[in-house]
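Visitor: Sequence:
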Amino acid sequence: MNRVFLAGGLRSHIGIRNGIFKHIRPEVLGGRVASTLCQRYGIQGPDALICGNAVGPGGNIGRLLLLEGGLPERAAAFTIDLQCASGLAAIHMAALSIMAGEWDVVLAGGAESASLQPQRRYADNDERSSLRNPVFTAAQFRPGEFGDDAMLLGAERAAKAAGITREEADEAALLSQERAKKAAEEGWLKDVILPLFGSSRDEALRKRMSEKLLARAPRVTDFPEGILTAANTCTINDGAAFVMLASERWLRERDLVPSAEIKGFSMIGADPAVPPLSADLAVSLLLRDKGLFYSDLDAFEYNEAFAVISADFRKKHRDVADRLNRWGGALAYGHPYGASGAEIMIHLMKILEREDGNLGVAAIPAAGGVGEAVLIHHVDEREWTEERERHTAFSIPLEVKL
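Numbers 1 to 402, taken from UniProt numbering, label the letters of the sequence shown in order.
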């Protein structure tokens with residue numbers, strides 16, 4: 001099998017719904033990110049592009065995005081809808097294709113516009129049209145439950161199952177905001193964010209947040225003894241993000257040093273009633289498969305659409321709690337569904353690079369009880385160069401005298 005590397009990545013700023021990107025179609029936003037990423041690496045386009053998208057109008061938005069970005073039409077392109085995990089699943093699929101030798105360079109990630117999310121309607125002959133309002137924005141994710149509040153209720157059940165209190169959830173939200181604010185002020189992500197259409201910042205980041213403000217935030221469900229509020233759940237967002245995956249041969253032919261190597265991945269099914277808990281389950285199974293412990297990893301990037309996700313991690317893994325979402329998570333940046341997987345992977349690569357880390361994992365829970373996790377190893381430039389020199393020395397043909 002071929003080794004698979006992450007050359008690098010790029011994302012847009014993350015806009016809030018009906019914010020800076022309210023008129024920008026996701027394929028246009030994503031096309032600009034994808035084409036600029038190719039320009040940075042001096043290529044016309046990839047062998048293929050895999051795009052995550054959860055709430056678009058349907059069709060193959062990945063192909064449309066490729067064409068909108070002016071990338072070569074000969075490149076294959078397709079779309080994955082795994083809801084919140086779509087972008088990370090795109091990276092997973094891209095890695096498999098390179099391992100198998102089908103392609104050498106693939107763009108994987110996603111694009112999303114909550115601002116332009118179409119309203120859908122159940123057909124008149126669908127029994128669901130008579131049970132509730134036939135107009136809906138969220139699909140059905142498990143038998144017996146449907147409605148636009150399904151994910152919120154799933155998060156409430158997860159909080160109850162994990163024993164997460166309102167105070168713990170608020171604490172997680174505050175920490176995420178503080179860390180993201182610090183990262184923004186220090187400019188740690190500046191070189192992987194592409195300003196587009198007048199954007200200048202991630203719109204969901206709050207200039208100030210406090211325990212008092214969190215305590216006053218209104219609840220968002222009628223769940224008995226519920227803990228979810230407008231402040232400890234993520235915002236609804238627009239954004240695009242892509243990473244470039246490549247084979248070792250492709251990189252060495254161009255004398256490029258990658259950011260990281262993909263060392264493993266896991267996609268699992270879990271209890272659909274409590275989907276937020278599936279991310280950590282995917283990570284635990286992945287680490288067990290690789291013979292690793294949580295303490296072996298330097299950074300964990302979990303997509304914290306709900307504070308219960310990060311609060312649960314810190315409760316279960318107290319010895320590595322500080323390694324989770326070191327620069328803040330979705331509670332601060334927001335959650336542009338299909339793009340979030342590539343976004344957190346980009347953040348993870350930058351964290352390992354800046355903090356001299358070795359191993360890290362990106363993980364996302366998704367509607368219906370799906371967990372996706374991808375393990376990466378930071379590539380040291382000196383070691384990469386030395387490895388190339390060793391390969392070169394061994395590949396020099398011996399002179400044969402006849």
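Simulated from the structure, these hints should not be mistaken for lab results.
A couple of the hints might just be wrong.
To be verified - Here are the simulated SDA-like cross-link-like pairs (lysine to any residue), alpha carbons at most 20 Å apart as the crow flies:
hint, residue 1, residue 2
1, Lys207, Glu185
2, Lys207, Phe223
3, Lys182, Glu355
4, Lys181, Ala162
5, Lys315, Ala162
6, Lys290, Lys315
7, Lys160, Thr137
8, Lys182, Ser210
9, Lys182, Arg206
10, Lys190, Glu211
Values in this document were obtained by computation on a predicted structure and should not be read as measured data.
Visitor: Checking against the hints above, which ones are violated?
Guide: 2, 4, 6, 7 and 10
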